[in-house]
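Residue numbers (my numbering), protein chains in the order written: chain A, -10 to 764; chain B, 856 to 1400.
Derived by calculation from the structure, the hints in this document are not laboratory data.
Accuracy of the hints is not assured; some may be wrong.
Claimed, not checked - With a Cα cut of at most 20 Å, we get these calculated SDA-like pairs of lysine to any residue:
1) B/Lys1326 with A/Ser292
2) B/Lys1152 with A/Leu289
3) B/Lys1096 with A/Ile257
4) A/Lys365 with B/Asn859
5) B/Lys896 with A/Thr286
6) A/Lys672 with A/Pro310
7) B/Lys905 with A/Leu688
8) A/Lys391 with A/Asp466
Residue-level listing of the chains:
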Amino acid sequence: MSSNQFYEISGKEEGIRLESIKLEDKIQSAVENGHRSLEINAFGQHGIGGRLWKAADEKINIKITGHPGQRIGSMGFPNTTIEVMGPASDDVGWLNTGAEITIHGNATNGVANAMAQGKVYVGGNLGSRCMTMTKRNPSFDPPELWVLGSVGDFFGEFMAGGIAVICGVSPQTPDNVLGYKPLVGMVGGKVFVRGPFNGYSKSDAKLIPLEDEDWNWLTENIQVYLEKINRPELLEKLTDRSKWQLIRSLSPQEKITVSRRTISDFRINVWDKELGNGGLIGDLTTADRSQVPLITTGNLRRSVPVWENKKYMAPCEASCPTGIPVQQRWSLIRDGLFEEAVDMSLEYTPFPSTVCGYLCPNLCMGGCTRNKSLMKPVDVKMLGKSSVTAKTPDFPKPDDRKIAIIGGGPAGISVAWQLKLAGHDATIYDASEQLGGKISKMIPKSRIPEDVLLAEINRVNDVIPHKHVEDDLTIEDINRLKKENDFVVFATGAQKPRMIPVPGKERLISTNEFLVRAKADDITPGKHVVIIGAGNVGCDVATEAHRLGSEKITLIDVQEPAAFGIERDEAEEVGAKFMWPCFTKEITEEGVLLTSGKTLKADTVVISIGDVPDISFVPESVEIERGFIKVDRNFKTSDKKIFAIGDIVKPGLLTDSIGAGRVAANRITEILAGKESEISEVKKIDINRVSLEYYNPRLDAFDDINHCGDDCASCGSCRDCGICVQACPQTAIARVDKGKDFEYTVDDNKCIACGFCAGACPCGIWDLVPNKPLG
Amino acid sequence: MSSNTKITPSSLSKKDLPWQIEWDNDKCSFCGQCTSVCPMKAIKMSVSRKRMMNLSLGSGVKPSNSYETFQTIMQNTTSENACIGCAMCTQVCENHAIMPVKSDEPSKLAYHVNQGGNASTRGGRRKSNTPGVLDQIKFLRISMLTDPALDAGRHEFEMNTLLGRVLPPEENIKLLKENGWIPPVREIYPLVIGGMSFGALSPTMWEGLQMGVSYLNEEMGMPVRMCTGEGGCPPRLLRSKFLKYVILQIASGYFGWDEIIRSIPEMVVDPCAIEIKYGQGAKPGDGGLLMWHKVNKLIAAIRGVPEGISLPSPPTHQTKYSIEEAVAKMIQSMSMAWGFRVPVYPKISASSTALAVLNNIARNPYAAGLAIDGEDGGTGAAYSVSMNHMGHPIASSIRDSYLTLTKLGKQNEIPLFGGGGIGKNGNLAANAAALIMLGASGIQIGKYVMQAAAGCIGSEKDRCNICNVGKCPKGITSQDPRLYRRLSPEKVAERVVDFYLSFDMEIRKIIAPLGRSTSLPIGMSDAVGINDYHAAKRLNIKYVV
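Just chain A, with the same shape it has in the complex:
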């Protein structure tokens, strides 16, 4: 059989249209029987010309006349050439894998949908959604679609490869040969187009210059195409290079960088242009609003570190009624300035050794920060005892301001001492020949070495004028003194023993009398002693009684005894017994009869339930409250020329009296200078700022004064250790030498306000405080 002769197959049989399944069978059978040229007179059958693999590599020519149905040449093989002599329906070349299909007319929708290889030549226009989802397999040539006129809407959707050529000759849509929304989702291939079009999906494809290589390909292949559709005369018209444009898909990389206007550009050219310089609120504020990083320096820090050296009181100083800045003395010790540390005490107290070293319960040590971590407080007694050698300061020459001080006990001596230091003419009036009051007369010798006491009394005697008053002072005396002096200070203490109203009370001996006589070895208390009132003074009585030969000493009280510390320890050591609650009914010859009926045998009964002041000499201008003189916080009485300090105001410790003296003296000096009261409002430091972790917690005893100095936490006072300089990650902290003094400073332009300085500081000097508000 000749391959040039067409074997005719009709789509009708006996006038009746064959179903697609039957025509397909006829076509496949013809190919199987060796026919290689078929002419098919179609009557709307589906898929004509596809799937002719039975011819293997032999060429098959199919000519279709009549009216073919959809999907001509679908799944077409490379061996197949199809020529449709008129127009065609939908999906020509659907899933074409190599067939060459020519349509001599228009084709409707979906031409070349999913075509992977082969060619579709169309001599007319196309409907919508053609060349969609086409692909290019790298092992084969790309599929091609040639269109003489225009294409319908949604051309080239998801086109993933292949070449489309739209010639724009007699287009159905002359204004837009590419149709509506072409090339959406295109990822591969290219489209040659000749004629006007209204855009394409710019996020998927772009126009590119028509290079020689593409142009050569087009001119070469367009001749083949024009011959296929029998329009060779158009060659000249269609090879005018200037009329052609080329669109290709964007690469994935190009798609990522599809640019919209940058926001910065929008801000400058749209936003600020409309609103004015500085944008939305440029008219309301000129403050800088530019972006800052998370970590800032200088003014942009939310907090700033401050070096608060000596801004707060150390707890020891705050606890000391006398107000001695103990931490500063330890600081001097650390600096090797022992003498200065010792001498300094005399600025605050005339009895640095007697009181701090022996008689004081050392409230400073009770307040010591180290207690918080159950560490042993720094031993102030050591420093106190050493202070007996303190050098008497140079007192200024007294001015003409005169102050009379009534009473030469610790309070009176303190106020006189301070007034002399301030350069005033202070004189003590006292009934005793010796200054010292309680300290010299009543404190048992066991509590303090005599030479220490004597040394300090002498130091005082050298400085303070003392008038011995033999007679009891009267109100008239006071009024006279008021006239002769700028101020009068009452410091007579409380010397009248408080009594209990029980029968036989005349048998009682007062503590004061007992202690004074005991100290002078002027009393024999006997074997049995009962002390009513088990406080610390009662303990002193017990200790003295023991020294004087008593064997059975009993302290009784109506409540749990208040005695504490060394006094109680010593009383217990000598075998004194504490009994409570005991209520005294009567003092008999045998001893103390209690309300319980029991009698405590006693040779001597000492009453030790406190003393009240003798106020017989106090003029009416001075207000009294419950037997004591009423004072303000500066110890000034209601009489503006009279101050009152010590036990006449309120019973207290020696250090309370000494502190009161200092306060009163300061105020008197202020008044004399015409100044307002300046009571220091310095607050105690928050001890949580102090780091005790730097010290050995197992320390049980201090070797010496230097050891104490080293382990004092120096709360609130910089110990100049330089830890902060090293802790700062920004090297923002520097030590500035200021001669005798020094300072630590922060470079604001380096500091990031991390607070490491505050965190690491052993003494609690650094704090992190909010920066000044901005804006």
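Let chain A serve as the given structure and place chain B on it in line with the hints.
This is chain B only, laid out in the frame that chain A set:
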């Protein structure tokens, strides 16, 4: 610092706090950045001591001890310095040495945040551990050769919604004839940035949002709108062409309204709409308070008040005593201000009484719509009790309202805008689509915007939420330049654009398979279902398992 202290009932240990700082000594370089950046001073450098015991027996060896002092990054345990889990320390740590970790048991701090008798306040959203109803709604109706097969990527969709009273033609004609007026209607993008005031938000945040919104309009052709919240509106914006992208809010404090009124004659365009705020989902029935320390020069200028005074917005408007009066009086007044050219609508908290408001609105042709704010909405500051326990879920509130409108035959006439927790678990488009299909014409979002556009790290599980104290570590809600300058308005604007574009794609991905492209599927409830029987019944949607 010694840990040997007297405790108080409110003394807490690290274990008791909601967040615990995990710090790695081996990795730490002690650069100081974590303690520097921490907004709460929750961490600090601290000195510690280590004891080394050398307790062994042996000839010539005496048992001994030695100590070594070292430094650590330590967590503060006071309630005012408790870690809020913001993880800014982690953010700045170059060595990944520090991170807050959520406590493995309920925080004990909750019992002590009432020091001095002050009830606890915070910012953020209500606490929650479960996904919301909107998260559980599935879109069931998918075109499988049934409806037109649409492709979100290549087909065109009408994504806009209408804000304004859409009366039937005959009624409009009647109104036109009688009054020479028909209700103004705006075509807007259905995702609206809800009211967050200039003051609640920082200047950089606010400008960034407005810039992003303007960009979407000017450059992307998306008619996105943003509500001012109650705090006035910068004078420049009032006099700019961008005002048409702005919904001006008036609320019970009336802050900034003198400036708005003054600027009316100078306005070059009308605002998009006026929102009258009656309630907020995060704190229904409660007002607001901008503390005096946040009222700096700038805020004072915009709100039209002196500097340094506290600004209360009462829970209620003072001059309105009934729904009828509130709706009629306020809508009339606000409409009149712009010559009845601007839609005016109320915004209320979702509540079991919402339908009463809706019924009134239905009778008032001047009412442009109704915005309802659900219980999961966010806020800059509210009492924790209000935030955690008060309010009504948005899903059923919108659904009830929509079904009521269908009964009245007005479902296409009065647009409902729903807000409050939309996208709170990140599912913005799905939540929005669900709410639209339940009957909302549009969605309002606030907290999501802060999260997506500015990196807000607040959460429903006790993270951060300190908007109320002005210490926002991202600079979103602070008036302190040292904090708000961390935020770049441009970057915020860029993120606004990003999330709007992605939202637009996602919502198309949901509605394309429905075969709907010519209008939003408002109330298209046959498209949704839920695998919770009671929820399905309550919302009148399909129950699917």
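Going down the list of hints, with the structure as the test:
no., hint, verdict
1, B/Lys1326 with A/Ser292, "holds, 13 Å"
2, B/Lys1152 with A/Leu289, "holds, 18 Å"
3, B/Lys1096 with A/Ile257, "holds, 16 Å"
4, A/Lys365 with B/Asn859, "holds, 15 Å"
5, B/Lys896 with A/Thr286, "holds, 17 Å"
6, A/Lys672 with A/Pro310, "holds, 14 Å"
7, B/Lys905 with A/Leu688, "holds, 15 Å"
8, A/Lys391 with A/Asp466, "holds, 16 Å"
In terms of the numbered hints stated before, the structure departs from none.
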